[in-house]
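Student: Here is what each chain is made of, one letter per residue.
4 protein chains.
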Amino acid sequence: MRVAQPQTARCGVSRRSAVSVKAQAVASPAPATAQLKTDVAKIAVLGASGYTGAEVVRLCALHPNIKVTVLTGDKQAGKAFSDVFPHLMTASNVPKLVKIDDVNWSDVDAAFCCLPHATTQAVIKNLPSSLKVVDLSADFRLKDPKSYAEWYGHEHAALDLQKEAVYGLTEIYRDQVKKARLLANPGCYPTCSQLPLYPLVKAGLVLPDDIIIDAKSGVSGAGRAAKESNLYCEIAEGINSYAVGSHRHMPEIEQGLSEAAGAPVRISFTPHLMNLSRGMQCTMYVKTAPGVTADDLRSHLEKAYEGEHFVKVLPKGVIPHTRHVRGSNFALMNVFPDRLPGRAVVICCIDNLVKGASGQGLQNLNLMMGWPETTALGQLAMFP
Amino acid sequence: MRVAQPQTARCGVSRRSAVSVKAQAVASPAPATAQLKTDVAKIAVLGASGYTGAEVVRLCALHPNIKVTVLTGDKQAGKAFSDVFPHLMTASNVPKLVKIDDVNWSDVDAAFCCLPHATTQAVIKNLPSSLKVVDLSADFRLKDPKSYAEWYGHEHAALDLQKEAVYGLTEIYRDQVKKARLLANPGCYPTCSQLPLYPLVKAGLVLPDDIIIDAKSGVSGAGRAAKESNLYCEIAEGINSYAVGSHRHMPEIEQGLSEAAGAPVRISFTPHLMNLSRGMQCTMYVKTAPGVTADDLRSHLEKAYEGEHFVKVLPKGVIPHTRHVRGSNFALMNVFPDRLPGRAVVICCIDNLVKGASGQGLQNLNLMMGWPETTALGQLAMFP
Amino acid sequence: MRVAQPQTARCGVSRRSAVSVKAQAVASPAPATAQLKTDVAKIAVLGASGYTGAEVVRLCALHPNIKVTVLTGDKQAGKAFSDVFPHLMTASNVPKLVKIDDVNWSDVDAAFCCLPHATTQAVIKNLPSSLKVVDLSADFRLKDPKSYAEWYGHEHAALDLQKEAVYGLTEIYRDQVKKARLLANPGCYPTCSQLPLYPLVKAGLVLPDDIIIDAKSGVSGAGRAAKESNLYCEIAEGINSYAVGSHRHMPEIEQGLSEAAGAPVRISFTPHLMNLSRGMQCTMYVKTAPGVTADDLRSHLEKAYEGEHFVKVLPKGVIPHTRHVRGSNFALMNVFPDRLPGRAVVICCIDNLVKGASGQGLQNLNLMMGWPETTALGQLAMFP
Amino acid sequence: MRVAQPQTARCGVSRRSAVSVKAQAVASPAPATAQLKTDVAKIAVLGASGYTGAEVVRLCALHPNIKVTVLTGDKQAGKAFSDVFPHLMTASNVPKLVKIDDVNWSDVDAAFCCLPHATTQAVIKNLPSSLKVVDLSADFRLKDPKSYAEWYGHEHAALDLQKEAVYGLTEIYRDQVKKARLLANPGCYPTCSQLPLYPLVKAGLVLPDDIIIDAKSGVSGAGRAAKESNLYCEIAEGINSYAVGSHRHMPEIEQGLSEAAGAPVRISFTPHLMNLSRGMQCTMYVKTAPGVTADDLRSHLEKAYEGEHFVKVLPKGVIPHTRHVRGSNFALMNVFPDRLPGRAVVICCIDNLVKGASGQGLQNLNLMMGWPETTALGQLAMFP
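In order, the protein sequence lines correspond to chains A, B, C and D.
The first sequence stops at residue 384 when you use the UniProt record's numbering, and every number in between is there.
The second sequence stops at residue 384 when you use the UniProt record's numbering, and every number in between is there.
The third sequence stops at residue 384 when you use the UniProt record's numbering, and every number in between is there.
The fourth sequence stops at residue 384 when you use the UniProt record's numbering, and every number in between is there.
Don't read these hints as lab results, they were simulated from the structure.
Be careful, since some hints might not be right.
Since the list gives no way to pick one copy over another, a pair counts as held whenever it fits inside one copy or between any two copies.
What the hints assert, rightly or not - Simulated crosslink set (DSS-like; lysine-lysine; CA at most 25 Å straight-line):
| # | residue 1 | residue 2 |
| --- | --- | --- |
| 1 | 316 | 227 |
| 2 | 99 | 227 |
| 3 | 312 | 96 |
| 4 | 163 | 67 |
| 5 | 316 | 96 |
| 6 | 227 | 79 |
| 7 | 42 | 75 |
| 8 | 125 | 146 |
| 9 | 312 | 79 |
| 10 | 79 | 316 |
| 11 | 67 | 312 |
| 12 | 179 | 42 |
| 13 | 179 | 75 |
| 14 | 67 | 179 |
| 15 | 75 | 227 |
| 16 | 143 | 99 |
| 17 | 287 | 79 |
| 18 | 143 | 132 |
| 19 | 163 | 179 |
These numbers were taken from a predicted model, which means no experiment stands behind them.
Could you build all of it, start to finish, from the sequences and the hints given here?
Tutor: Written out as structure tokens, the structure reads:
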């Protein structure tokens with residue numbers, strides 16, 4: 001975002017998001033202090049037996065400032081992490097899974113919380129308040145307790161924390177993120193849709209009362225729970241809509257766009273389950289303000305994300321593909337003219353497990369800890 | 001469609017579309033005359049080396065009134081069909097591929113034309129006018145020569161035939177189809193979108209000036225040509241929009257909806273390429289007429305397709321999946337309330353190669369030949 | 001098999017396996033008697049909520065002599081079948097699921113038993129002995145009670161039935177199958193491997209003491225149970241061996257090959273899980289008898305399966321693909337020279353749910369009921 | 001390999017393959033000299049428009065000592081690399097594609113050659129002899145000119161270079177690799193099969209005259225050429241053997257095993273095409289020397305690869321999966337008892353594009369340049 005200010009100088013490293021990944025990867029350890037013991041933080045991953053937990057571990061493996069010291073998984077406690085996620089058997093120094101009640105918190109500087117919705121608030125409430133927390137659940141995303149109760153079916157159990165939590169759509173709320181102690185990491189759909197829509201609505205270029213989001217997601221977003229509906233045979237070679245008109249990411253998107261619009265916004269949001277492990281696309285059908293063209297929207301996004309490392313507005317006419325972000329923290333977006341006058345088509349693609357979850361979580365932790373924002377996020381997309 | 005009248009009595013078989021497939025399958029040979037030699041038609045498949053051609057052969061293999069006597073494929077001429085499509089090696093009595101110029105037309109009663117767009121018109125122009133033709137290309141779908149020239153980049157070369165051609169969206173135009181000699185088989189997207197939209201627009205339940213179609217298709221729609229962009233590695237585990245605002249199925253859909261609305265209609269249409277071999281879904285975002293609800297739309301579709309064998313309006317709240325029509329000629333549809341007031345979400349799923357191409361083609365030929373409409377189309381969807 | 005004799009004349013229909021599917025499909029209702037009420041059998045599918053049960057229903061939907069009157073599924077009892085398998089919602093007259101204890105057996109002529117291993121024997125023991133039963137579980141495949149106890153970890157609970165059961169590898173044991181009341185339908189791997197190996201071992205062309213089977217199967221073979229290891233994300237874009245040296249199909253294959261060899265045979269058998277819904281290939285590495293070539297093996301298989309409808313020995317040099325049998329009851333096989341002297345490579349492909357389970361089950365029931373063997377099995381493979 | 005000796009001290013960095021990736025990633029820039037301009041090598045990728053070329057670029061993006069200055073692609077010359085591989089659009093400072101004839105070789109320190117077989121030798125012959133070259137084609141793998149002529153159908157055009165070339169199966173030939181100027185990077189199948197077989201044959205634990213390799217590979221191994229047989233629809237949901245008894249990787253494997261055995265070795269080798277983008281497994285059926293057990297083989301491999309970073313012998317009984325190495329440079333292997341006495345089953349999995357091609361290529365270049373062997377190869381497998 002254009003409005004982003006320079007990072008605080010906590011580590012003497014100002015944000016240089018326009019700089020290339022590689023340059024940063026090389027540069028990151030450059031300040032001698034970065035090699036000091038005090039700059040290696042001890043990190044816990046709570047709920048490490050799910051896909052977002054595993055993805056946190058995968059990304060952190062290349063992080064020079066992170067040592068993963070705690071992995072929890074109540075049902076899998078006692079197991080080696082490589083028994084649960086053999087693809088990470090080659091990671092070094094990964095601890096065994098333990099029960100969350102058995103964690104020695106004095107040995108932890110920060111935590112990724114990858115627990116299921118609802119149970120998260122109870123857990124975080126009892127953590128030492130000194131701990132920095134990136135919460136990947138939905139528990140602290142909705143600011144309005146009534147809205148939370150309406151969509152999640154029960155009163156929130158940690159209202160104080162809910163007030164404290166910072167919503168971590170990094171490129172939009174970077175300044176708040178830097179100061180956050182408890183960070184509510186955005187949902188995958190809210191990330192993919194708000195990244196383009198927030199600036200457009202905020203600038204008044206898109207009418208806020210007729211936003212239609214046709215969202216498509218890979219299956220990993222549904223987690224690793226053993227459900228019949230997510231079996232290979234049930235998913236392969238087929239697609240379907242789901243939760244039409246009732247998905248819980250709807251109020252989260254509406255919250256952000258309402259803030260951008262300065263008035264309550266309702267959206268049309270229809271998610272689709274794709275036969276993909278990873279990958280998410282939002283195809284957004286918007287009405288433009290009078291006199292505004294698709295090109296104007298595109299230009300505005302270009303300016304809004306100028307210098308951003310992870311958000312790329314593609315050249316005019318180039319269509320984003322989910323496969324071009326697979327495994328990476330990038331968001332690709334573009335705007336196209338619609339055949340219907342006064343309309344435009346906005347497209348954004350992310351990897352739901354990276355920019356839509358663990359990658360953005362690490363991006364946020366980097367900021368919260370004063371590390372360069374792109375640290376350990378330099379992996380390019382894997383294709384084919 | 002409600003308005004459908006009883007079939008002509010050509011074969012003494014009135015349409016009984018509400019009757020089960022199996023009942024018909026059993027019943028179909030029942031009339032003694034159906035076993036007569038005169039009721040076995042000799043069929044040619046022109047352009048049999050592509051996927052739609054192969055699908056025609058697959059379906060016809062179970063047809064008691066069809067004998068496939070000619071298969072053309074200019075590049076593959078001389079080859080056994082099983083060399084080109086080994087999965088059909090077990091079909092009986094399938095002829096070799098020949099060049100189209102070498103066909104003895106006196107030995108053919110009807111033809112499926114599965115040739116590429118543009119070349120088709122030149123070929124069909126030179127066929128004996130006695131031949132019944134089901135054309136699966138786009139050449140005869142657009143009635144307006146100007147529109148054809150605009151979207152296809154050249155003047156139409158067979159304007160007389162274009163006038164004669166009947167547009168074969170079977171459930172909508174059944175009466176005309178029965179009398180057709182040259183049938184323009186609808187495109188896959190136009191089938192999937194018009195089946196629900198046509199009756200809704202015609203009844204004035206949906207506003208015709210703000211119809212948004214988010215369409216998703218499997219790769220087989222792109223044919224068997226060896227293109228880099230359709231390689232397994234380019235498609236697997238990824239999705240993308242394509243031809244945003246410029247797909248040639250757009251004017252075809254607009255033509256149908258304009259007729260339904262009684263006034264010119266423009267639509268928003270964005271196709272997406274899915275990592276599926278087969279399967280198509282259109283998710284349609286529509287504005288309802290004042291006072292009309294999503295339930296009203298659903299009820300209207302139920303009535304419109306009451307008794308139709310191949311079009312099923314699902315029970316309220318049940319979401320269509322592409323995998324539930326794979327390999328079959330069925331269209332599944334439903335309507336859902338939208339969170340945005342005055343809007344509804346309409347969903348339709350088909351197999352793009354069956355109801356979206358070869359299956360509907362055979363359904364049309366059945367009508368054109370006076371055979372029971374469901375003959376050889378009784379295969380249920382294959383899952384998993 | 002060459003040795004197959006004409007069918008018994010129970011229904012006055014001699015086997016004509018060399019006749020084409022279509023010819024048979026047309027011909028099947030031809031004998032006037034076939035239309036009599038007495039020729040429509042009432043069929044129960046026990047355990048209809050799994051993939052093999054669904055596949056039985058899919059295939060039977062095109063069968064002129066079968067009316068499915070009972071579907072059981074203890075956990076899903078009370079549900080419409082279309083709630084459990086929406087792809088079969090278009091099947092006509094399919095009953096609701098009931099508990100097995102609530103079945104009125106007087107209304108059933110024959111049953112497909114698709115229950116889990118071990119529970120099957122208890123269930124079948126209590127069925128009326130007049131009922132013809134095709135059992136798709138492993139419960140009655142092993143003839144030797146000791147072998148059963150060794151591989152399944154408990155004594156067999158229905159030893160009398162075990163003696164009575166006929167092993168239904170149709171092309172090999174057709175004569176016994178015709179007379180069977182209780183049929184043990186072969187496992188998928190045993191079908192795919194024995195079809196080529198049995199005749200070769202029996203003829204002494206392959207040495208029985210060094211047979212190596214590298215087997216590859218789609219995931220549907222593992223059933224519809226909600227297991228983490230079968231989730232889409234766990235299977236997609238990856239393969240692995242499993243149950244190396246310990247798969248329960250091993251003794252079943254050994255039983256058949258021992259019979260063929262006239263002496264105990266042990267095999268090397270390594271199954272692999274493929275990211276396929278359907279499809280199975282066995283690649284078999286065999287030592288030939290002195291002086292015997294790969295071509296000799298191929299020729300022998302050609303003779304052995306001459307006139308067989310469902311078993312095809314491909315032309316010399318042509319490689320079988322699983323995709324060329326998907327959805328069909330065919331087995332494709334071939335033999336290739338090995339670079340190692342004295343060795344040959346034998347390949348066989350089937351659809352594990354059809355020829356490897358429900359299709360062969362129906363093929364067997366057809367014989368047991370005196371119907372033409374290919375009835376309702378005329379569907380060609382679906383590709384792409 | 002056990003026999004591996006310490007690296008030469010060219011850069012003062014001894015090999016520390018047992019050290020963790022992360023430790024190395026952090027440590028790699030540690031020697032102050034590593035940051036010197038002289039330690040950044042200018043790298044050309046010849047044939048960068050194919051999958052192995054793209055994979056080289058992806059991996060090099062994280063390499064602190066590499067600057068990619070030249071990308072060639074004769075057909076795509078003039079295009080931005082991101083037009084050809086959009087997933088790498090986020091890589092920094094990637095040059096445009098140029099014709100190979102337009103390269104200024106004075107600006108290149110080393111080259112990855114990803115050109116097609118046969119054309120490679122002509123190209124490399126004309127490169128400056130000062131250039132270090134890692135050749136990913138098959139052109140320099142076979143040492144015997146007769147064998148090359150036999151398998152490739154023509155005389156080799158650069159026999160001098162063929163003599164000079166070092167075969168780069170890194171863990172086996174590390175010492176030679178370090179001194180290489182022209183490196184013949186092994187084929188994917190030869191890597192996957194020789195890694196376990198070479199030490200076992202060399203130690204005399206496996207009989208060399210009856211080695212059977214059932215190999216399974218993803219489609220990316222076939223490259224990005226637009227072939228009908230590699231279209232999504234032709235590959236998805238199906239598998240097949242190919243090139244039975246005639247694959248060109250056969251003599252390459254035989255060459256290595258012959259050297260290990262000290263006598264000519266012939267193998268049985270049957271490759272299978274999987275519906276995977278990436279992933280390779282060799283399932284190897286071997287006869288053990290008298291008295292030698294599967295456990296003995298496993299123990300020997302454990303010792304042989306002790307301390308190796310990229311080769312992992314899994315714990316007893318744990319089965320390697322291709323999905324656990326996807327995107328990474330690791331090889332996972334294990335040995336299992338066979339039911340046939342005197343036999344064992346050896347399994348190895350790699351990512352065919354990484355350890356089977358570009359990753360091993362970079363591993364070799366690291367050694368040739370005197371950089372730590374694991375530099376830029378620290379990425380863990382991506383799952384799901």
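Student: For a quick check of understanding: which of the numbered hints are violated here, in increasing order?
Tutor: Of the numbered hints given earlier, those the structure breaks are 4, 13, 16 and 17, listed in rising order.
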